[in-house]
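So the sequence lines, in the order shown, correspond to chains A and B.
If you read the first sequence in our numbering, its first letter stands for residue 1, the second for the next number, and so on.
If you read the second sequence in our numbering, its first letter stands for residue 126, the second for the next number, and so on.
The hints are simulated quantities; they were obtained by calculation from the structure and are not laboratory data.
Hints are supplied without guarantee of correctness; some may be wrong.
[Unchecked claim] The calculated lysine-lysine pairs, modelled on DSS-like cross-linking and capped at a C-alpha distance of 27 Å, are:
1. B:K383 with A:K97
2. B:K383 with B:K440
3. B:K312 with B:K440
4. B:K383 with A:K102
5. B:K354 with B:K453
6. B:K257 with B:K312
7. B:K449 with B:K383
8. B:K383 with B:K448
9. B:K453 with A:K102
[Stated by the list, open to error] Computed, partial: chain A to chain B, Cβ under 10 Å:
10. T36
11. D37
12. E42
13. S61
14. A64
15. A108
16. D110
17. V111
Backbone N, C-alpha and C fix where the C-beta goes; we use that ideal spot for every residue, glycine too.
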Amino acid sequence: MNTPSNLRFAASHEWVRLDGDIATVGISDHAQAELTDVVFVELPAMGRSVDAGDPTAVVESVKAASDIYAPIGGEVVEVNPEVEADPSLVNTDPYGKGWIFKLQVKSAADVDTLMDAAAYEAQIG
Amino acid sequence: MPVQYTAIIEEHTAVRTACGIFDISHMGQLIVTGANAASWLNRMLTNDVADLGVGQGQYTLLLNERGGVIDDLIAYRSGEAAFFLVVNASMIDEDFAWLEGHLDDGVTLTNESDHWAGMAVQGPKAVEVFSKVFPDEILPPRNGITAMADGCIVCRTGYTGEDGFEFFSPASEGIAYWDRFVAAGAKPCALGSRDTLRLEMGYPLNGNDLSPDRSPIEAGLGFFCDLDKGDFMGRETLAQQNANGPALRLTAIRYLDKGPPPRAHYPVASADGVVIGELSSGALSPSLMAGIGMAYLPAEFAAIGTHLQIEVRGKFFPAVVVKKPFYKPAHSI
């Protein structure tokens with residue numbers, strides 16, 4: 001299982017990459033492997049303001065629909081149209097082309113509340 | 126059985142293109158024997174067991190007094206006065222209690238569910254898999270049942286629409302047979318693909334699409350109810366609905382465009398947005414890559430070609446009533 005060391009992770013299996021005050025969010029390799037066969041991604045509305053823990057997107061496999069939670073608070077400033085057109089990118093490239101949305105964060109320091117790669121790997125065992 | 130061993134679409138595709146194996150040991154086996162077995166079963170079940178020669182089976186339903194479905198099952202005639210009923214796992218105790226409560230003289234009912242392990246081997250290569258494991262045995266014809274030399278039972282039936290068989294062995298030998306079928310080329314498949322495969326065929330799942338409050342006429346299963354064979358449990362309701370047309374019909378619905386996979390309990394609305402029912406089953410069809418589902422709808426919305434909408438998380442997705450099956454297997458027998 002791939003867990004890049006430059007990312008932070010939420011207990012609910014989202015990853016965050018912070019560039020300045022823009023946080024890119026997706027789901028972890030572990031999460032996509034558990035879901036398998038991602039067939040639909042519902043993206044959030046642009047401009048939506050979310051708090052940490054808010055259901056913000058939905059990723060669906062054949063098996064089930066799963067909420068994707070905002071790992072930190074912010075405003076949705078970009079969504080990934082490619083995963084809407086080809087949801088399997090979440091499976092094949094979860095940390096790259098499979099990103100889901102970007103937040104302009106309220107406080108960049110919030111990212112420090114999330115797990116680093118080692119802690120996340122310990123969580124998923 | 127888990128939801129998936131590898132991934133649902135992969136398992137689904139294995140059954141449609143090659144061969145998959147499902148553990149169906151949870152299913153129930155009830156044995157009915159005795160001089161009056163056939164006439165008694167004909168009063169308890171909807172289909173006509175008199176149509177069955179020894180070695181033949183049929184899909185049939187067990188109804189309550191109101192014509193509602195207790196269970197759907199396959200009844201095989203294993204001997205002149207002996208029947209092998211394969212019933213749904215969740216209904217074993219209820220079916221047995223209901224049948225026992227209506228038992229006649231000259232009929233013996235036995236629950237052998239704990240005795241049998243079961244596996245469904247399904248797909249265009251299922252016959253080849255069977256021949257590799259049993260070079261000296263021959264599969265029965267469609268819907269047939271054969272008692273094999275080693276004490277196992279094989280039935281040419283399934284729940285996928287593909288050719289294949291359901292195999293029952295003594296429980297203690299189940300794992301060994303499973304391993305032999307897998308070694309012969311059957312891919313382990315689980316509940317997720319079992320559901321998408323049966324839904325593509327429009328086959329009902331008891332508890333989702335069948336219930337004690339809905340009749341087989343409403344469920345579109347009139348073909349399996351012989352109203353001319355004499356009286357049977359629930360017949361009166363069925364005859365009335367058959368004559369007048371049922372108020373509700375289990376309707377097959379397919380998305381017109383891409384959308385989130387439809388799932389059970391999602392609301393179904395008319396083209397102008399009035400909610401008229403809810404999905405009893407729904408899935409993304411792996412064969413069609415389109416959302417499919419079934420719902421009990423007022424008859425006026427059940428005609429093929431009727432435009433509907435399925436509501437998912439507050440959004441409406443256009444859909445249309447289609448003919449069952451949703452998908453026609455290339456390889457069925």
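Now the hints, each set against the structure:
no.: 1; hint: B:K383 with A:K97; result: holds, 21 Å
no.: 2; hint: B:K383 with B:K440; result: holds, 13 Å
no.: 3; hint: B:K312 with B:K440; result: violated, 38 Å
no.: 4; hint: B:K383 with A:K102; result: holds, 24 Å
no.: 5; hint: B:K354 with B:K453; result: violated, 31 Å
no.: 6; hint: B:K257 with B:K312; result: holds, 15 Å
no.: 7; hint: B:K449 with B:K383; result: holds, 20 Å
no.: 8; hint: B:K383 with B:K448; result: holds, 19 Å
no.: 9; hint: B:K453 with A:K102; result: violated, 43 Å
no.: 10; hint: T36; result: holds, 4 Å
no.: 11; hint: D37; result: holds, 5 Å
no.: 12; hint: E42; result: holds, 6 Å
no.: 13; hint: S61; result: holds, 7 Å
no.: 14; hint: A64; result: holds, 8 Å
no.: 15; hint: A108; result: violated, 31 Å
no.: 16; hint: D110; result: violated, 27 Å
no.: 17; hint: V111; result: violated, 29 Å
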